[in-house]
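Peer 1: Residue strings, one per chain:
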Amino acid sequence: MINFVLLFSRQGKVRLTKWYSPYSQKERSKVIRELSGAILSRGPKLCKFVEWRGCKVVYRRYASLYFCMCIDSEDNELEILEIIHFFVEILDRYFGSVCELDLIFNFHKAYYILDEILIAGELQESSKKTIARLIAAQDSLVETAKEQANSISNVIAQATK
Amino acid sequence: MAALVDTLLQRSLDDLIKSLRSQPTLESSIISRSISEIRREIRSTNPLTKSTALQKLSYLSSLHFLDISWSSFHSLELLPSPSFTFKRLAYLSASLSFHPSSDLLLLATNQLRKDLSPSSPSPVISLALDFLSLTASPDLARDLTPEIHSLLSSPNPSIRTKATATALRIFTRYPDSVRVAFKRLVDNIDSSAAIGVFCELSASDPKPYLPLAPDFYRLLVGSKNNWILIKVLKIFARLAPLEPRLARRIVDPVCEHLRRSNAKSLVLECARTVALSLADYDEAVRLVVEKVGEFLASEDDANLRYLGLHVLSMLGPRHSWAVEMNKELVIKSLCDPDANIRREALLLIMEMLFESNVVDISILLVSFASKSMPNPEFCNDILEAVLSACGRNVYELVMDFDWYVGLLGQMSRNPHCAKGDEIERQLVDIGLRVKDVRPELVCIARDLLIDPTLLGNSSIHRILSAAAWVSGEYAEFSRNPLELLEALLQPRTNLLPTSVSAVYIQAVFKVLTFCFCSYFERLESGHMLSSLGNPIAGTGCQEESDASTVVFGKGDNAAVGNLNNTGAIGCKPDSLSGSVNLDEQFTHASVLRMLNLIETAMVPLSNWGVVEIQDRALSVLCLIHMLQRFQVWNRDEEGLRKDGRVSEFANLMAGVFNQELGPVSANSQKRVSVPDGLILKENLADLTAVIGEEVNVSVSASTSFFHRKHHNGETGEETKILTESTSLLSEHRKRHELYYLPAGKDEAQSNDYPPANDPQLPVSQCGASEDLVELDDQPLLSRHRKPTKPRPVVVKLDDVDVRENSAPESTVDLKDDLLSGAVCDVLLGNEDNKPTKTQKKSAKSQRRKKDRPTYVEPASASQLRESGNLVHVELGSSSSKISRHGHSKEKQSSSQGIEDNEDGSQKNLTNSQHHYRKHKHRQDRDALPNLLPQTPVIQDFLL
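Taken in sequence, the protein lines are chains A and B.
Heads up: the first sequence is residues 1 to 161, going by UniProt numbering.
Heads up: the second sequence is residues 1 to 943, going by UniProt numbering.
Hint data in this document are derived by calculation from the structure and do not stem from the laboratory.
Among the hints, erroneous ones may be present.
[Claimed, not checked] With a straight-line cut-off of 27 Å between C-alpha atoms, the simulated DSS-like cross-links for lysine-lysine are:
no. : chain 1 : residue 1 : chain 2 : residue 2
1   : B       : Lys114    : A       : Lys18
2   : A       : Lys146    : B       : Lys670
3   : B       : Lys114    : A       : Lys13
4   : A       : Lys129    : A       : Lys18
[To be verified] Partner residues are not named here, just some residues of chain A that face chain B (Cβ under 10 Å, in silico):
no. : residue
5   : Arg15
6   : Glu74
7   : Tyr94
8   : Tyr111
9   : Ser126
10  : Lys128
Ideal Cβ positions, reconstructed from N, Cα and C, are used throughout, including at glycine.
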């Protein structure tokens, strides 16, 4: 099972965190400090696994972003590398060649996408098409909600409240 | 209206992000300012204002690590919003601010129930499921179990998947929910989420999931999805050890995947499954080793190299040939640029250490460690690994201790060596335990002591301390004690810390005693020869002896003079540093010179600020002064020999250190039986009086090395200083006899300290020969084996050194227990606790259950005996029931005659009841002899 997902930049700035196992706020910042230090210090040609506190952390670098996932010691590292790549591909498809700024200004969307890929630390869907469809469905719901909110009657109702 | 204004003036998320990015230096002040804004905005009744505030807060929480648990109530307020936009934001911020332990979670129950109802739009359901999977508390899990249950059969596949994954959390938090929802989970078994759930559940306790093995098997051979296959393999790796028949069944499909698959992740998982559970199947293992070889050889992919090493070490010592096959690649990995790979390779190599190859590998590693200059950390990892592997279980791997102490010496010379403590411990320990190695040990110690450069390296001072102790304690093996003394007294020893200096001085004391005694011994024994063969030497000596008397107390130049003067009596002037025969060494002159040398060195130390050093230096000086008092030094050797006092003194001194030290068991104190008269539970208040007048016996931190010093006093009336503490102790003893243990037999001989443990020579010897026998059938890793001499006796203490091998019992915690229990109940169809719903599966199992009684026949027990399965009958009611069951099947199957059905294993996998049964019968027949008594139910469900 994936214990948490962590995205940080080359400068060590956190871009996304998702905790599937319960960690307290204090533990979380400690984890991030330790891991970003350990991972950023590793060279590009080295293996992408770090053993850490009895777990394994699998990471992969895309441009200036490091995608890390912490898994149990029995889990399959190569599978996680594939999941990371899968996540990145979907982000890329959704944002149209994704960059770090996309993930900053649309951090919530990154969460929504991640929620469609992983749930409770497990991969829930392995088809890119299905995920794209699910996200599109969400977005269309948002659109209709927006239209409703912007309709004249709604604005009047708000204003006269 | 005010609300509208608020909304219009509110800073959006983009504004916040832009301001944070434009002024990175002011980050903290911008954050605190916006937090205060958010605190105001979040109270707004306008959902837009509230949601924007929550969104900004979520941003700050997830990217800037702000604690936003205070806002959880506000996200709850927004949850019921009919607008999906707001709901989504509310769920996001709730999932960031809630923790499964939050009290407020209960407030969300109703809203979650509403959102989870099948009539909600599917994106809303999936939001609620995502949230629940993160934050399910036991209460929430209990309350929402019905909703999850109904969602598990939702027509929408993605909702079903999410519900499946969420079910895992519900099960673990509230095990009773298993009884309600587990069957639907089984129905969804084909989805990757469900397999993930089973994989997680089986990690803590795989046994309850054995009945599902046919379904997993179907996936193993049928699924095209690598993600599912990986999980199924994981599950089988856990199930196979529980049920030997399973292993036989899955080995072929696993090998098939190994051969066919292009996905490295799947190949890796197959390899791990084989290593964990199918290690008995040679063909599979060979295939794995082949694949691992490819992994290791992949130059450009460090990941594969790392994982290849990992799989090899999982194969374990049992398949050491696998390592042997990839030996070069493994050794090459020791120089890998990646520290993780190096460590993995080292671990692997250490696991493959046997008696037969320990020499080769250790030499290789230690020389490698001294070569890996730029990497002191790894170099110490290597040293530590070698030390712990060779020292394991009282050096069980080491056959040739001469070699091993040499290796320890080589390690000490590694400039990065930081394992001084362990090397020190082992040097002393080997000295104590292995008698035969002592000459070599002393030789190694001498080499270390004599090298002045080593004194400058503070990390090996501890090793030098051990070397000094060894050469003092076993001075009789020294080839050149005088040279040793020089080494111990060399000027650079002032670089040593006081604790080590103290050991040095004590070593000097011991060597001095030894030299003195052997000198006199030689005089005694050589008397006949010298008196007959060399009368001239005696007269020559007499002439020179006047000069000798001047020498005492006058320092080095006097010593040199002495040396020159005494050249006539046959002492080689440079004998102190040359290596010469012991007998030739101890001449009158050389002993004199030795005394002077020591005295010169000790005088400054006797005023040293540290008590440990001062104490010992004074002891040595005292001995020297005492020797000087014998006026016979004036006369010749003959005179010395004739003087009764001198020989008496020599004998006394010889007795000081002649008792051998042995390894001390940590439990030896416990084994002292409580004497009859001693009442331990009595109030010891009157002891305070005793303690009040307690004598000041200084016991050094390293007592075990020096304690015998205190006994010297008994042997010579001159060594007053030394005897002081002993005499006080004995006085103390006389007065407070009550509190002392009675004097034992050993004590009567020479000292207060009985030997802690008698070396168990006969036992060890027998052990050694057994070792040798074992060695012959040992699977050898290294091709060439050196002709080993018989392993020297290693003294072992029965209670401490023999490690208890009992593995810690796996304790399943209560929750897991409940969970597995519930799963068992559901899968095996216990009627008592069953929910009302009857699924296809449960109906099937019920039917089977009902059928059972009709099979029972009175003759079953006797037939069972025929098949040699008596054990199972005796194993209690449940297993006997099953055995009877098995037997009846046997009967039935033989009547049906399905012997010809052996090969169609895959055909039989179809779910049709008929096939299922037929196959089952065959299985039962085949596997009856190795039925596991603990898993009585499985056979019914097996393929």
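Peer 1: Against this structure, judge whether each hint is valid.
Peer 2: Hints, one by one, checked against the model:
no.: 1; hint: B:Lys114 to A:Lys18; result: holds, 25 Å
no.: 2; hint: A:Lys146 to B:Lys670; result: violated, 81 Å
no.: 3; hint: B:Lys114 to A:Lys13; result: violated, 38 Å
no.: 4; hint: A:Lys129 to A:Lys18; result: holds, 23 Å
no.: 5; hint: Arg15; result: holds, 7 Å
no.: 6; hint: Glu74; result: holds, 7 Å
no.: 7; hint: Tyr94; result: violated, 16 Å
no.: 8; hint: Tyr111; result: holds, 6 Å
no.: 9; hint: Ser126; result: holds, 5 Å
no.: 10; hint: Lys128; result: violated, 13 Å
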